[in-house]
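Chains as they are written, first to last, in my numbering: chain D, 1 to 353; chain W, 354 to 706; chain B, 707 to 1059; chain S, 1060 to 1412.
Among the hints, a few may not be true.
Here are the simulated distance ranges between beta carbons [stated by the list, open to error]:
#1 D:E22 - B:S837: 54 to 60 Å
#2 W:S392 - D:G290: 41 to 47 Å
#3 W:S488 - B:T970: 29 to 35 Å
#4 S:G1375 - B:E1053: 56 to 62 Å
#5 D:F178 - B:T875: 45 to 51 Å
To give an idea of the chain S side of the interface with chain W (calculated C-beta under 8 Å), a few residues [stated by the list, open to error]:
#6 P1134
#7 E1155
#8 H1159
#9 K1160
#10 E1199
#11 T1381
None of these hints come from the bench; they were simulated from the model. Even for Gly, the Cβ is constructed at its ideal location relative to N, Cα and C.
There are 4 protein chains.
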Amino acid sequence: MLSFASDYTRGAHPEILKRLSEINFEQNTGYGQDSYCKSAAEKIRQACGADDAQVFFLVGGTQTNQTIIDMLLKPYEGVIAASTGHVAAHEAGAIEHAGHKVLTIDNRGEEKDTDRYGDNIGKISADKLKSFIESFYADESCEHMVFPGAVYISHPTEYGTLYTKKELTAISEVCREFDIPLFLDGARLGYGLMSDRTDVTLKDIAKLVDVFYIGGTKVGALFGEAVVFTGKYAVKHPIPIIKQHGALLAKGWLLGLQFDTLFTDDLYFKISKNAIEMARILREGLEKKGYKLFLDSPTNQQFIVISNNKLKEISGKIGYSTWEKYDEENSVIRLATDWATSKDEIEKLLEYL
Amino acid sequence: MLSFASDYTRGAHPEILKRLSEINFEQNTGYGQDSYCKSAAEKIRQACGADDAQVFFLVGGTQTNQTIIDMLLKPYEGVIAASTGHVAAHEAGAIEHAGHKVLTIDNRGEEKDTDRYGDNIGKISADKLKSFIESFYADESCEHMVFPGAVYISHPTEYGTLYTKKELTAISEVCREFDIPLFLDGARLGYGLMSDRTDVTLKDIAKLVDVFYIGGTKVGALFGEAVVFTGKYAVKHPIPIIKQHGALLAKGWLLGLQFDTLFTDDLYFKISKNAIEMARILREGLEKKGYKLFLDSPTNQQFIVISNNKLKEISGKIGYSTWEKYDEENSVIRLATDWATSKDEIEKLLEYL
Amino acid sequence: MLSFASDYTRGAHPEILKRLSEINFEQNTGYGQDSYCKSAAEKIRQACGADDAQVFFLVGGTQTNQTIIDMLLKPYEGVIAASTGHVAAHEAGAIEHAGHKVLTIDNRGEEKDTDRYGDNIGKISADKLKSFIESFYADESCEHMVFPGAVYISHPTEYGTLYTKKELTAISEVCREFDIPLFLDGARLGYGLMSDRTDVTLKDIAKLVDVFYIGGTKVGALFGEAVVFTGKYAVKHPIPIIKQHGALLAKGWLLGLQFDTLFTDDLYFKISKNAIEMARILREGLEKKGYKLFLDSPTNQQFIVISNNKLKEISGKIGYSTWEKYDEENSVIRLATDWATSKDEIEKLLEYL
Amino acid sequence: MLSFASDYTRGAHPEILKRLSEINFEQNTGYGQDSYCKSAAEKIRQACGADDAQVFFLVGGTQTNQTIIDMLLKPYEGVIAASTGHVAAHEAGAIEHAGHKVLTIDNRGEEKDTDRYGDNIGKISADKLKSFIESFYADESCEHMVFPGAVYISHPTEYGTLYTKKELTAISEVCREFDIPLFLDGARLGYGLMSDRTDVTLKDIAKLVDVFYIGGTKVGALFGEAVVFTGKYAVKHPIPIIKQHGALLAKGWLLGLQFDTLFTDDLYFKISKNAIEMARILREGLEKKGYKLFLDSPTNQQFIVISNNKLKEISGKIGYSTWEKYDEENSVIRLATDWATSKDEIEKLLEYL
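Model the full assembly from the supplied sequences, consistent with the hints where possible.
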């Protein structure tokens, strides 16, 4: 069945499999102390324009969010996130399991009366963030509450939306004013950077945020996320913390090799671009067919309103993600393109729809 | 550099890479809900003679130990382990990070006066286990102490030693008498099952223990451990618990496919046998050369006493693991064979030594 | 300075101090195994009409909430609470520190457009609760989210409001339908039971909820909360869990003696009644003086709207709790009466206001 | 029944009850922000000769150990303790519950062949401590193990033994060499300071350790432990951390008042002295009667070897703590004197024995 249910339905870019085969019988040092991890880290530092960044590799998204947030927070601190943020809603309580509260800023309520969710769904604003932090410190009983200890944003967000450079700069300034680290979840970072409607570059991110990760699982790798600490929040002993979270891969070079491949000859960016182009074709096709876009996503995830009858019709033929109920007769579904989606597949999808 | 430092220095059995390539562009459901995981689980159930076993797949050893132990224990319970057990000594406190104490049974002290450690190093005995549990309940202040809530053993142990069927049965009986689940860490299970000095089969294990895992990382897979709950301790909702530990792989079929391959045509057992044969040749070669074995390991890890001078000589030529100081002039090192070790490599190693 | 800032500004009912003095040199068994704890538990069981209830004593409110919720939940479960619930907002993340998410039901948003908060502020409704649980199980990705594992309500709430018997019954029915334990925080239970506008008795609570506590700290004791498990969620080994939370008082009889005193000759109820009567006089006085009540609280906490100028005037003369900003020129403050508040004090307060 | 089972069998020094009665109807600020806590803290700073020390109050011993150790450690660090240390053995896993491993130094094994345990039972030595830390850092896989992040000692120890000033200085030097905080559990500190066989003063402790607590529960208070951070490890935000552990007493002045009383006119030291004198009389009486002391304790806990027959005889007449089996016919029991023990009671005890 042709599926647009997510961007992690396939294996890896063939170049990755090729290199895995080539080095299969090489003997490597374990736990990320190998030459591929070193090389990949160096290439990532260059791509980020961040010579002194601390770079290491983890396996998946929830694991990375949990481990980094635990690295950033003191025990009595929580992480601020949008109420729609992955860490707030879809990680089975991984953040709380590590002892920390997710302090949510509601980013949906105010949009509900507009015709469709705007470009801001999924995001937090610098203003609301500042007001949240100031309210906390203004409360005379703040010592009885959870301190804001880090800020989590995703880019693209869980709704495919993007921060502008201006918005990201404003958030960064709030964080620096209050000396709170800013963490950017880049599980789909490639699709954000290659959007045709963004002015945010990888180097901007490396300048504006304190730690972020470059998603591999959803962007051409079998698995893997490259964590980048850009400055003063670099971790003194990452290995025991990673290991304590069960997140230290024995054959760490599998991660290094994949990111080394992705960051050779701009492969990561080229394949990300494909998803964006396919999403554009899909969006145009959907609009031509009269589908209502639930929101105007500039990245690889497209959200449409579709009748429940139509959904029954395509069931078993097209894979999609059910997002939410729209009204009694319609639903919102997500269709995701990825690094490997072909024009043929988009055409087939449009036929079914 | 030729390395015997560990059994996780290489990639995967070529058949695994071949199948990964074959299905690379197939679209699969995420999080272990795919057909490869189902097929692998079924093959494992058959190999275990355990039709109703609950089988799922995790990425690495520490992660698996942490997740399973957390599944087994109530908050006020700890896990009993040998003081040399991996969970007690080499997991950066992963068990404690999840809130549980490791209750250790000392298994070294009594052996120190013998000429070399015996076959029991790394193991716990049913007698000591029973006495530990009985002492706990006999203590009038036991409610102020950590309850014994599970028993952890490794087979092979961290020293390459093995339980006999009689020993394993006795431990199992103690656990069942006290209604405490028995968990067997099989990170190197293949090398234990294929030893030429064991009477313990996979089916025996499935009968005698409540949960165990079949190690892939060290036995032919890129990564992965197959968890088998054999009976009443099966977990009602494994997914949220796994996810909460950051241990739920998005592309779960990567695990399923690897174990499906390993459990097709007995591949897992055949490649395990290779490590045992190479270890036997190595041991014979070492003894011929007059090396003193630190202990008599029946599996793929061999521990030898070697002079510090000799170590300097081979440094940079042969990879090995430093284990411990033997005396002022000698050290104990570990040499590990694996599923891919060749006779040529053993000969080269013996030449250097 | 005369203070109405809270209901825990004074020591204990004199009868408690008297008995503490009387038994001061008696030697008692520690950790709650003494005769006073036994006697108090028995008296509480009788007052609750719950012969088989499990009763034990803890020191304070946050400690009790944390310990009980940890007793009720499996690791992958969270506790449902009103967004204004004490566990959600004012416990410094104690619930998350123990690894659990607080799943909040918003109970404020919908009331914002009414002139003043209604009687429902602070409460959750059975309907919203049912819909929350049903939505969770209807979500196809619910295994990636935090399971609803317990329901937390407070009675009186943090806003002094009360559930009716009908409302409490409806919530109880939802909980039983989904087999989720219902936990009632009774830090101010006496003031709820003695309200002149309640139809809920202690026996009703013992029938309708699975675990609750009878607050002592705010109702006549130096400190202490009596925990009552009414049925099937009774805890097999409370002591190690309590101790693990640092909550096991060595001289447990101090708790037993206080509750034994409070539950002799209905002392707990009589002194609770005083706070209700004083609150009524206060409310009438305030209304006579033209103060706007922020909400219509039937218990000992009264919330009024007061001008910031007036607040400056009384500052240093009357203690109160700042609650929230009402508008640019006015604030909401809380005035609490307690078991020891006298008519004289109310009159002085009204004079100042 | 006359009991020597422990030193927390009675209430509080009468002066404390008197003052509690006197201020019972005073209204105080909660959570330790009252004048009694301030006054007590100041008196303790003076007694310690530590003008800048951070002083706050907690309720009980396990709670204090858990909270302080959690304040000191980073998540990947553990606390070093004697294997007989309270945190290692008798706190129901409270340290692990907060995520940290207790790294034990065995302090019993080597003494087993002597006729009776020496004065060192319960203690750790600077040499062993240094060797433990050096071995950790010398291990090439130390990043996979739990980092030593704090050192826990008790004084008096769980066996009533005491460090000499020389020993304590040596331990302090090791800790400072490795920049690891030293934490002294003073649950029975008074009995240590007032021993007739110690050269360690309160001021010495304040100079040599980084944090310690002055036990109240076992030394004249109803409950309470005064925590003293002497220098650079002072905690920036103690309140949210304390609250998060469920350890923040609402009526904090109850703690302040008790310690203010104990540190007025040297009351703490005077009543501690009583326990030491009674213990001396007891010890002399026991030796006269031919009892074998299990160890030579210089404080209020005395350990004797007694026949199981004799134990049956006194059962129900004298309270004692069973410590351990001595041989088939004899047991070791603990007899504890306290601040309130009278000469009459000792004489009765000796009669029974």
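Against the structure, the hints come out as follows:
no. : hint                          : verdict
1   : D:E22 - B:S837: 54 to 60 Å    : holds (56 Å)
2   : W:S392 - D:G290: 41 to 47 Å   : holds (42 Å)
3   : W:S488 - B:T970: 29 to 35 Å   : violated (42 Å)
4   : S:G1375 - B:E1053: 56 to 62 Å : holds (58 Å)
5   : D:F178 - B:T875: 45 to 51 Å   : holds (47 Å)
6   : P1134                         : holds (7 Å)
7   : E1155                         : holds (4 Å)
8   : H1159                         : holds (6 Å)
9   : K1160                         : holds (4 Å)
10  : E1199                         : holds (6 Å)
11  : T1381                         : holds (6 Å)
Violation of the numbered hints given earlier is confined to hint 3; every other hint is satisfied by the structure.
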